[in-house]
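Undergrad: Residue numbers (this note's numbering), protein chains in the order written: chain A, 1 to 332; chain B, 1 to 332; chain C, 1 to 332; chain D, 1 to 332.
Just so you know, these hints were derived from the structure itself, not from any lab. Worth double-checking, as some hints may not be accurate.
As the list claims (entries may be wrong) - No farther apart than 25 Å at their CA atoms in a straight line, the calculated lysine-lysine pairs in the BS3-like style are these: (1) B:Lys27 x D:Lys99; (2) A:Lys41 x B:Lys319; (3) D:Lys29 x B:Lys97; (4) B:Lys41 x B:Lys69; (5) B:Lys74 x B:Lys190.
Small disclaimer: the values here were computed from a predicted structure and weren't measured.
There are 4 protein chains.
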Amino acid sequence: MKSEITFASGLHVFGSTADRYVLSGYKPKVPVSEMIKTASKVEDLQGVELVETWHINQDNADEILADIKSAGLKLSMLLPDLWASAKWGMGTFTSNKEKIRQEAADTTKRVMDLAAQAGCNIIDVWLGQDGYDYPFQADYIQAWEWTVEVLRDCADYNKNVTIGIEYKLKEPRTHCFIGTIGKLLLLIDKVKRNNLGIILDIGHALEGYENMAESAALSKYFGDRLIYLHLNDNWRSWDDDMMVGSVHTIELLELLYWLERIEFKGWYSLDIFPYRDDSVGVASESIQWIKDLRRVMFHIGLNRIEEVVASRDAAKASKLIREGMFSLPSQS
Amino acid sequence: MKSEITFASGLHVFGSTADRYVLSGYKPKVPVSEMIKTASKVEDLQGVELVETWHINQDNADEILADIKSAGLKLSMLLPDLWASAKWGMGTFTSNKEKIRQEAADTTKRVMDLAAQAGCNIIDVWLGQDGYDYPFQADYIQAWEWTVEVLRDCADYNKNVTIGIEYKLKEPRTHCFIGTIGKLLLLIDKVKRNNLGIILDIGHALEGYENMAESAALSKYFGDRLIYLHLNDNWRSWDDDMMVGSVHTIELLELLYWLERIEFKGWYSLDIFPYRDDSVGVASESIQWIKDLRRVMFHIGLNRIEEVVASRDAAKASKLIREGMFSLPSQS
Amino acid sequence: MKSEITFASGLHVFGSTADRYVLSGYKPKVPVSEMIKTASKVEDLQGVELVETWHINQDNADEILADIKSAGLKLSMLLPDLWASAKWGMGTFTSNKEKIRQEAADTTKRVMDLAAQAGCNIIDVWLGQDGYDYPFQADYIQAWEWTVEVLRDCADYNKNVTIGIEYKLKEPRTHCFIGTIGKLLLLIDKVKRNNLGIILDIGHALEGYENMAESAALSKYFGDRLIYLHLNDNWRSWDDDMMVGSVHTIELLELLYWLERIEFKGWYSLDIFPYRDDSVGVASESIQWIKDLRRVMFHIGLNRIEEVVASRDAAKASKLIREGMFSLPSQS
Amino acid sequence: MKSEITFASGLHVFGSTADRYVLSGYKPKVPVSEMIKTASKVEDLQGVELVETWHINQDNADEILADIKSAGLKLSMLLPDLWASAKWGMGTFTSNKEKIRQEAADTTKRVMDLAAQAGCNIIDVWLGQDGYDYPFQADYIQAWEWTVEVLRDCADYNKNVTIGIEYKLKEPRTHCFIGTIGKLLLLIDKVKRNNLGIILDIGHALEGYENMAESAALSKYFGDRLIYLHLNDNWRSWDDDMMVGSVHTIELLELLYWLERIEFKGWYSLDIFPYRDDSVGVASESIQWIKDLRRVMFHIGLNRIEEVVASRDAAKASKLIREGMFSLPSQS
């Protein structure tokens, strides 16, 4: 049977997207309520994820949640800002200043509260500022010790909220401590708390020469920890945050197949940066690529894919995929 | 109107493929006549390219050409060995030994003679050993001077044979002098001979973060020099020489579109290394991917593609390509 | 004899450095006059380069130039903003809107006027927004035609000002048209104007798997066009804009050697982004690495380096460099 | 106090080095006894590591071990061939043929016996053929299950022999299952046997955008598992197996510092491929770079390095390293 999947998007997709050259953004700034309305125009989109401080906080939460509801959407997840303020520049959980580590823990807990209150019960801890830029700039062991310590503290704070952790090889630091699927699985194993999960950003996987499907499969093998997806595409050497499906067609199909196989039930959420592009257009396309590739997958049949994978015959697998892709029955 | 295209393959595809670990090859060694027979089993394959010394030489040329003919194939191109013998280790056209440079020129001319005699009239000069491995190991200016000198000498030797030049960023040297489309176009411009052309290996383009379509387009803009294609696929950071279409679907489609637009008329030739794979299977799949993507291209229509490219609207282009790809009419 | 070299720096090094996450910058904003004062604290720094609109314009030029002078510095170069405004998002010289191409030309000419008036006589045209992000998003041939056309127009506007052109593989676009040393040399050859030069950003070379020394040497071989250096360092796959010498020691030494050999006389200018670092500290270190490596170079002797390069013996070259580096006489 | 370190080398360094183009090798083939004699010419080299079948087997072991001894060397380690025979092409521990998995286990145990008999007590299990080349070519979960199973079986076979495991991102497969430090640490944690260790090939770390020092530090943090080093250098995107110190000077110094800090006591062994180079020359240079950089390290002082690392001040760290490097007292 076909599983149902649900699509969300980061709200930033519908904002003014900026980079280090055009700091005021390639598009005009708009209020959050406007961004939510724009999001609601994307076909098949059912949820939005928000960043605390950028989009939502204790004061405006009721209003924003009402906006989301009236736009016909749900809140899929909340992100504490641990990477968008100058104070985090030299790290959050791994800052060598105890005060900063404490502030990062407090920020995380505050967003856990908000997630509990809003009912989404998932937050995304992405430690993008925790790493180093230069040789001789980090005590690697100390960094892990602090990360473990702060994560345990936060996880114990509210066991009903799941802390998703997102790994990334680099950027904004040239090297992030929790940079690969292997390191994140090690971290979760070390912290030993049930309310920790993996948020797989497939662009981060691609950037690190990982195979997205393999990273998803390993998250199953090591404790079934995958809880949420961040979807985008890139050219493999940087987190370009492009439209899903725009470059890596076959690997995306393989990921979709493995997500079925490991029975992933979480949100398929867009994390793209449409600097110069029509945001509704690229968000819609991202979803349609996934839906079309899922049609290809079910048209071929999960069992036949499983058989050809087990055979390890590259030519046979190619033929199966290619013929399935180019013989798709028209949609009624 | 649809153009007709013709497919060739390097004969090595059907041999014992070896790498630096399994030097005796992943498959049993077979005689050249056997490889030609195997090649003839690949659907839609019309030509084979051969390496002098490995596959053909003055002594056995009549016999080999007869084998090719009786297999229903044509000789598409000849390659002088300028990269498979220990004597070339420190370079051929750029060796700092005059004797070696002379021997490389003689080898090239000898294969030009063979190409003229066999009627294919194209050879492939790939200067894979001409480069450097370490800092402080090359006089970059001298290397270019020698390359220009030897190429002029060879080009003048027989103006009826076209010397195709193939660029590659690295391997077997960690850096090759003629490493990018830009450098090759500069070289051709400097040498100033009409019988020089570009052999675009799309895997070499991908390895160098080039866009295959853009490299083909530039070869048109700078003197319309594209004469022959080497087709394969890879994971972007190395010349993996994989089955065509196995990784980069959309970019391959864009290349096929630009090949139409620049009215490329040469061979579409496979340069893959099926170390562990069924060689007929992966060669066939390579061709079928190209044929299917060409069906997609003509189904969408070249004019509609041209329009969407001119609009520079990424979402619109995605929609056009995606809908075209997944609404392909069944083949009768 | 040892050549004298002169160091400059981009003024942005001393400002609030921002990235796409911390858009307000990792450091407080300061006025231009303050940045100039900070720059003057860097030992051995003699010049600064400024971006029009960010740092200088027709209205404040006299004041800013006076500030530079009173800080004991010179103006080394001016950059038109062709990459920091939302209006340039889809390109400048290659925009498909004639109005934008015209505005880009006008901007360039306006900064040429300013450069003439200020006496530096060099501007830096970096076409970072001219490229594409997605497949099927650019007409590669048209883009080159427009680039050639606008460059000719600008070059002819004032032959006493040299237009330096800076190439970069990617960022802010995922692919820039003028992305490699090869492509830039082709462009200059096509435009055919004497007042065009190359601004070599060594981080851009590294990002594109170029060898910095080789790129400098080729700029000599093809018309002796190198006029200015942008210095920084990175981890090879992205333009990290780090402190010079922080990662690539030996290759930097090789570059310094080739700069002597090709008799480069221009500014050695820093283009680093010290997001989280002491700006005076990293600028000073950048200069001191270059000075120390030049001491190593002269301690070994240019002739001995030339000999070992000509020998192509990697072990001998290593020994020469290593022993030179670790036997440096103490400075008096 | 300065620690003493001991240098070894793979014996293949002194053989005929081949790649996929020059399959017969860039140098003449020589008998093993000759290679051992050549190795003994490398200053400061004390050990050699050998590959079973290539260099040593049950029949010639006594003779080879005598040759090593009479050359004044020791056997540092043994490697089972799990990657140099066509039969392993589709995997060893993860082959989908039970017979092959059994043969791989038997091979491993046979070399464990030889290691016990020869007294080195360490073997290197590098699973280079265990991975995949294409999408849809591997059951990632099954592969890990089999790897765990076979490793447990081998580890239990003889608890007095340590099985070192070497990770590598790619080559000969385009993707290897045990590809990163994170994945290897996960594997060791899963297998749960005391006689498992990590063999860190620093070129493999570089190839995967790892920081060598960080990978060493993590191997300490997760169970103190580092037992042996494979040393070389490369250009970051491929396992070029170059002379140590030829490209990455500062990072190598940082690694040497962390090896002291984690009190690493194993062999510093060369794994370089001097295709075109004087093998004794590049092996000697590799060792001398390490010795000179260790001189720099002790000249600066471990405590001062530790302090500057803890400060996270990139400019200060640069100054400390740079001044230490260029003020080295002459050796008496």
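Undergrad: All the hints need checking, so say for each whether the structure fits it.
TA: Do the hints match the structure? See the list:
Of the supplied pair hints, the one linking B:Lys27 and D:Lys99 holds, its CA atoms being roughly 19 Å apart against a limit of 25 Å. A C-alpha spacing of about 17 Å is found between A:Lys41 and B:Lys319, which places the hinted pair at or below 25 Å, so the restraint holds. Restraint check for D:Lys29 and B:Lys97: satisfied, since their Cα atoms lie roughly 24 Å apart, inside the 25 Å limit. Simply put, B:Lys41 and B:Lys69 have alpha-carbon atoms about 14 Å apart, close enough for the 25 Å limit, and the pair holds.
At roughly 33 Å between alpha-carbon atoms, B:Lys74 and B:Lys190 are farther apart than 25 Å, so this suggested pair is violated.
Hint check: a violation occurs at hint 5 only; the rest are consistent with the structure.
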